[in-house]
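Given next are the chains, with one letter for each unit.
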Amino acid sequence: MLATLVIVFREVIEAGLIVGIVLAATQGVPRRGLWVGYGVAAGVLGACLVAGFAGGIASLFAGSGQEIFNASILMLAVVMLTWHNVWMAGHGRAMAQEMKAVGAEVAAGQRSLAALAIVVGVAVLREGSEVVLFLYGIASQGGTSNAAMLTGGVLGVIAGAGVSALMFLGLLQIPAGKLFSVTAWLITLLAAGMAAQAVLFLQQAGYLQILQSTVWDTSWLLSQDSIGGRLLHTLIGYNDSPNGAQLIVYGATIAIIMGLTRWEHARHPRRSAVPSHAT
Amino acid sequence: MKRVVLALAILAVASPALADDGAIAVTLKDHKFTPAQIHVKANTPIVITLTNKDATAEEFDSTALKVEKVVAGGDTGDVHIRPLEPGRYPFMGEYHASTAQGFVIAQ
Chain V
0 MLATLVIVFR
10 EVIEAGLIVG
20 IVLAATQGVP
30 RRGLWVGYGV
40 AAGVLGACLV
50 AGFAGGIASL
60 FAGSGQEIFN
70 ASILMLAVVM
80 LTWHNVWMAG
90 HGRAMAQEMK
100 AVGAEVAAGQ
110 RSLAALAIVV
120 GVAVLREGSE
130 VVLFLYGIAS
140 QGGTSNAAML
150 TGGVLGVIAG
160 AGVSALMFLG
170 LLQIPAGKLF
180 SVTAWLITLL
190 AAGMAAQAVL
200 FLQQAGYLQI
210 LQSTVWDTSW
220 LLSQDSIGGR
230 LLHTLIGYND
240 SPNGAQLIVY
250 GATIAIIMGL
260 TRWEHARHPR
270 RSAVPSHAT
Chain Y
0 MKRVVLALAI
10 LAVASPALAD
20 DGAIAVTLKD
30 HKFTPAQIHV
40 KANTPIVITL
50 TNKDATAEEF
60 DSTALKVEKV
70 VAGGDTGDVH
80 IRPLEPGRYP
90 FMGEYHASTA
100 QGFVIAQ
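Protein sequences, first through last, are from chains V and Y.
Numbered according to numbering that gives the first Met the number 0, the first sequence spans residues 0 to 278.
Numbered according to numbering that gives the first Met the number 0, the second sequence spans residues 0 to 106.
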C-alpha cells in the first residue's frame, strides 16, 4: 500500500504544482477556475486515452512514438507558457492596478487562460497516464493486497493534492503587486525545464544526439530521485547531471521568453490609469 | 505491428553490426529483467530493446541513464542511451520497483 501511495503521490504532486502556479499566475482573471477545471478534465480524459493506446502510440515513429509524443506535448506547453508570459508583460500592470479590466482585455485574458488550460491539461495528461497504467496493472493482477493498494492510490491523490494546495496558498501570501513578477519567473523556469526535458525525450528516441555528455553532476548534493530533487525538477527543471544540449535549450528558452517579454513590455509603455479609447 | 515485425527483422539481419554499437535485448518477465546486469562498452551509444512479456505495462526508468519509457504488456520498445562513461548505472521498472531492478555496467 505504501509503495502505491508514494508513486501516486509523486505523480499527483508533479501535476499539482503546475496547477498551483497557473492558479497563482491568474489571480484576479475572471473565470479562471472554469478554465483550469477544463484543463484538468481534458488531462484526465487524455491520460486514460494515452494509457489505453500506450501500445499503439509507442509503435509509431519506428518504436519511438512515445518519446516523440512526450516531446511534442512538452513543447506545446512551453509555447503556451511563453505566450502567457508575453501577454502578461503587455497587460499585467493594467490588470494588477484595476482588476476589473475593460471588455477587450477580459477577452484577451480568456485567450491567455485557454493557453494555460492547455498547460494544465498537458501536465495532468503526462503524470496521469502513468498513474492510470500503474493502477490498472495493480487492478488486473488481482490478489488480496488489491484493495489495500487501491486505498494507497486514493490516499496518494489526496496527499498530493494537499501539498499542491499548500504551495498555492503559500504563493498567495506574496503581496499582490509582486505576485505577477514571481509567477512570471516561475513560469519562465517551468517552461525552460520542460524544454530541457523534451530534449531528453528526443535523444532517447535517437534524434538530436549531440552534446550528450554530462556537463556536471550534483547528485551528491541533491539527487534527482529524492523527493526534493523531483519537486525542483518539476518546478525549475532541476537536473542533477544535465548534458550540453539540455543546458543550451534551457538557457535559450529563458533568453527567448525574456526577450519577447521585454519587447512586448516596450510596446505597451506606461498605461494611464484611465484606459485609452479605441486602440 | 508490421513496423515492429519489420524492425525486428532488420534488427535480426543487422545484429552482428549492431552488436558493435551495443544493441542489447532485455526481457521483462514476472516483473524481473533478464539479463539484470548489462555489460556495455564505455563511450559508445547503446540501444536497449526491451521486450515486456508480462501482461501489464511497465515503465523502464533510470535517472542515472536519463531514460523513462513505458512499454505496454506484450510489447517491445527501443531505448536509446547516450555514450556512457565507465561506471555502474541502476535502472528499474517503476511500477514493480521491488523486483524489477537492474544495472548497466559500462567498461
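Please keep in mind that the hints were generated in silico from the structure rather than gathered at the bench.
Keep in mind it's a predicted model, so treat the numbers as computed, not measured.
Using N, Cα and C, we set each Cβ at its ideal position, and we do this for glycine too.
Check before you lean on any hint, since a few could be wrong.
Examples of chain V residues lying across from chain Y (beta carbon under 7 Å, computed) [to be verified]:
hint, residue
1, Gly51
2, Gly64
3, Phe133
4, Ala138
5, Thr187
6, Leu199
7, Ser225
8, Gly227
9, Glu263
Tested hints:
1. Gly51: Not OK, violated: Gly51/V not within 7 Å of chain Y, min 10 Å.
2. Gly64: Constraint on Gly64/V not satisfied, violated at 10 Å.
3. Phe133: Check passed: Cβ of Phe133/V comes within 5 Å of chain Y, closer than 7 Å.
4. Ala138: Since the shortest Cβ distance to chain Y is 9 Å, the answer is violated.
5. Thr187: For Thr187/V, the interface hint is violated, since the closest Cβ of chain Y sits about 23 Å away, which is over 7 Å.
6. Leu199: It holds, given that the least Cβ distance between Leu199/V and chain Y is near 6 Å, below 7 Å.
7. Ser225: violated, 10 Å
8. Gly227: violated, 14 Å
9. Glu263: violated, 35 Å
Checked against the numbered hints above, the structure violates hints 1, 2, 4, 5, 7, 8 and 9; every other hint is satisfied.
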